[in-house]
Every structure is written in C-alpha cells, then in structure tokens.
Amino acid sequence: MDLNYLKKIIKMLDESNLAEIEIEEEGTKLKLSKPRPKIVSPAYPMQYSSHTFQESLQKPVVAADEKKESKPQVEAIPANVVEIKSPMVGTFYSAPSPDADSYVNVGSTIKEGSTICIIEAMKLMNEIESEVSGKVIKILVENAQAVEYDQPLFLIEKL
Amino acid sequence: MKIKDGNLKEVIYFEELDSTNLYSRNNDLVSDTVVIAGNQTKGRGRLNHNWFSSPNKNLTFTLVKEIEIEPLKAHIINFYTAIIVFSAIKNIMPDNNFKILLKWPNDIILNGKKVAGILTEAHDISSDRKKFFIGIGINVNQKDFPEELKEKATSLLNETDFFYEPDTILKNILDYFYQFFELLRKPEEIIQIWRQFTYPAGKSVSFRVCEEKEIKRAVIYGYDNLGAILLKNQTGDIEKHYSGEISFIY
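Chains as they are written, first to last, in the working numbering: chain R, 2 to 160; chain A, 10 to 259.
Calculated directly from the structure, the hints in this document are not laboratory data. Values in this document were obtained by computation on a predicted structure and should not be read as measured data. Idealized CB from N, CA, C, for every residue including glycine. A couple of the hints might just be wrong.
Said to hold, decoys possible - Straight-line alpha carbon distances no greater than 20 Å define the calculated SDA-like cross-link-like pairs of lysine to any residue that follow:
hint: 1; chain 1: R; residue 1: Lys112; chain 2: A; residue 2: Asp133
hint: 2; chain 1: A; residue 1: Lys66; chain 2: A; residue 2: Asp27
hint: 3; chain 1: R; residue 1: Lys86; chain 2: A; residue 2: His132
hint: 4; chain 1: A; residue 1: Lys159; chain 2: A; residue 2: Asn120
hint: 5; chain 1: A; residue 1: Lys82; chain 2: R; residue 2: Glu130
hint: 6; chain 1: A; residue 1: Lys51; chain 2: R; residue 2: Pro97
hint: 7; chain 1: A; residue 1: Lys51; chain 2: R; residue 2: Ala101
hint: 8; chain 1: R; residue 1: Lys86; chain 2: R; residue 2: Val133
hint: 9; chain 1: R; residue 1: Lys136; chain 2: R; residue 2: Ile78
Unchecked claim - One side only, chain R facing chain A, incomplete, derived with CB under 7 Å:
hint: 10; residue: Pro88
hint: 11; residue: Met89
hint: 12; residue: Val90
hint: 13; residue: Gly91
hint: 14; residue: Thr92
hint: 15; residue: Glu121
hint: 16; residue: Ala122
hint: 17; residue: Met123
hint: 18; residue: Lys124
hint: 19; residue: Leu125
hint: 20; residue: Met126
hint: 21; residue: Asn127
hint: 22; residue: Glu128
hint: 23; residue: Glu130
hint: 24; residue: Ala145
Work the whole structure out from these sequences, hints included.
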C-alpha cells in the first residue's frame, strides 16, 4: 500500500459523508475515521420564556389556515432589496378597511415610516411601517391571510 | 367633563366624532389622554364591523397609553382591558343575578348578547414607539337596536332595567386600568384571570378566521397561556388561532 494510495483514500473519506473507512488488502488492514462533531447543549436555559413562546407560536398544533403552506420561498435577495417581516402571528390586512384602497401596491413608492399593512391578532391592529424608503417590488402575502412570526411580507427596493 | 383623574393628562370630549381611535391616532395624542365621543358616527369594530351607537346614550372612548410590552405579547393589552371593563360593568350592576361573561378575545357578553367591545390599534409595535390606542365601546342606556342586531347586541339598560351614568362607568374603568397596570408585566397571570370569566371548554361555536373566510363549526377546547384559542374542529383536530371571530351556537 503506497503513500499515494493512502492519500487518495484519506481524500475520499474527507470529501464523503462517511465517518469511517476500513480496507483490508493483501494482509494489510487500514482503518480511517473522521473526528465526530461535538454535541453542544443549548446556550440558553429552557425556561427562557420569550424563546419558548416564539417556538410555540411557530408550531401551531395543526395548520390553522390552509394557506399556510403557501409561505413564500424567498430566493437570494439583492443587497438593495429589503425584506419586511411580520413582527407577530396574526392576520395580514393590506388595507385599513375592506372598502378602502390598499396601503401599497407593487410599484408604489414609499417613505420610511409609512404604513404598509396591518397585522391583527386578537383584536390588536398593528400598523406595520416600512423601515426604508423605496419601491415595493413584491407583496408576498394575500389580504386576509394568516401569517407567522417573522414571515416575509414585502420586498422593498431601496431608493 | 366631570372626569377628574390624577392619572390623566387630558380628557377631550366631542359631541360627535367619526371615531375616537381615528381621532387619537391622526392627532398623535400623548399618552394618558382620553378621547370621548357623545355620538360616534363611525365607531369601528374589527375592520368593517361597525359599532352601532345611539347619541349620548352609550360610552365610546379611546385611551391613549404608552405601554412597554414585547411585540409578541402586545395583544395581552386587550385581555387586560377586557377584564377591567368587565369588572367596571359588574361593579355597577344592581345585583349579581346577571350573567356576564367574556367572549374570546375581548367582547363582553351580558345575558348572551354583546354589551361591550374593545379594539386596540398601534403604530409599529416592533419599533420603540409603543403607544397604544385602546378603543372601548359600551352600550349603556340605548333602548332600540336595529333589527339585524337585536339577537346579538344589547345594553345595560335593556338587560337590567336601570339607567346608568356613562361618566361613572368611565371613571371606574380608568381607576381600575391604572390601579392594576403593573399586571401587564405578567401576561400569563392576565390570561389566568381572564379564563375565570370566559366561556369554558366544550362550548359549540361557529368560527371565522376573518371576514373573507368561510364559517366553520367547532368546539372550544381551551386557551393557551397567552390567549390564543384552541378549537376542536369537526375532524377532531385541535386548531390554534390568533385571530378570528367566534359566535355561539345554541
């Protein structure tokens, strides 16, 4: 078993998902294994309430709304585009009332601090403001749709 | 106004106003201000549920209050306010023979009909500006209700045969609100108290996630520690909801 052969085997193991390779050839036995990653216990104590609450919010007992699976998969976002996310679990409303115009549409130019939608939970109507000035390039949720905590709602191109 | 209260900065009264919440928000009023409307012409319930009110017979007002609270728990303010309004109403009644209960999340139900409602609005609660506009409507001395509301809404007068002074109820609410304000630091305790006065598990309801969704039948299964409702749906699964409207099926 020459050195080059051994190097090849090591490289193979390195690049593979295997934890261990064992070869027996012409009376020579070779056993190689990779160091296992250490399992680290969580840094925060379990009773850290806001974490557990957020977790419980993100894991409803069953999907409360059929539309939940339409949660958009957002691809890589260009540097000049800002994602606006929901600060809470609730229902997304695009307009102040059903007979009113939407706060914004795709193509709307908005200023930092202007209201772009409402998220309602248990009759708390929370007006969501834009963190940046720019142009709305995508609205990722539909009116009256249930949204999760941290779910992306809008893509805004900074101007 | 007769309302003299050390907790308040200002009390603004209008004979007539479209909506006390709208006025408070548009004028960005400071914390600890109360806006009262003798006659609210466009009182709002949740989105397009208009709050029907006869001039000068009811109590419709908004309390502007800065509250330090985690965004994910901010809705607790509504549960807190519901307990406060509930207590103030209970306190003013001539005796204890009236069935008064809270309906999720924050309606006050007297003898099976809605007598008071709460709707809180806020600018971005994830930012540092945590000012809440807590809108409260109570049907006090209103005698007549439109036909379509008769089965669902009532007033203190209609159920108890007594007239009440809206100002006295307002004063009670504000007294309690400030007196127990520290409770807002303990959301789970608020829900525990709220649970004692609400409809228990096992009640059949119809449920609507929001205006645009269909109505489903379900049974109340319970409420979680932060006020979300747990409903057992018709296939037997437990659903957790953070918004929506329940109506009782008798």
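Exercise for the section: Please name the hints from earlier in the document that this structure breaks, with their numbers sorted from lowest to highest. Expected result: none
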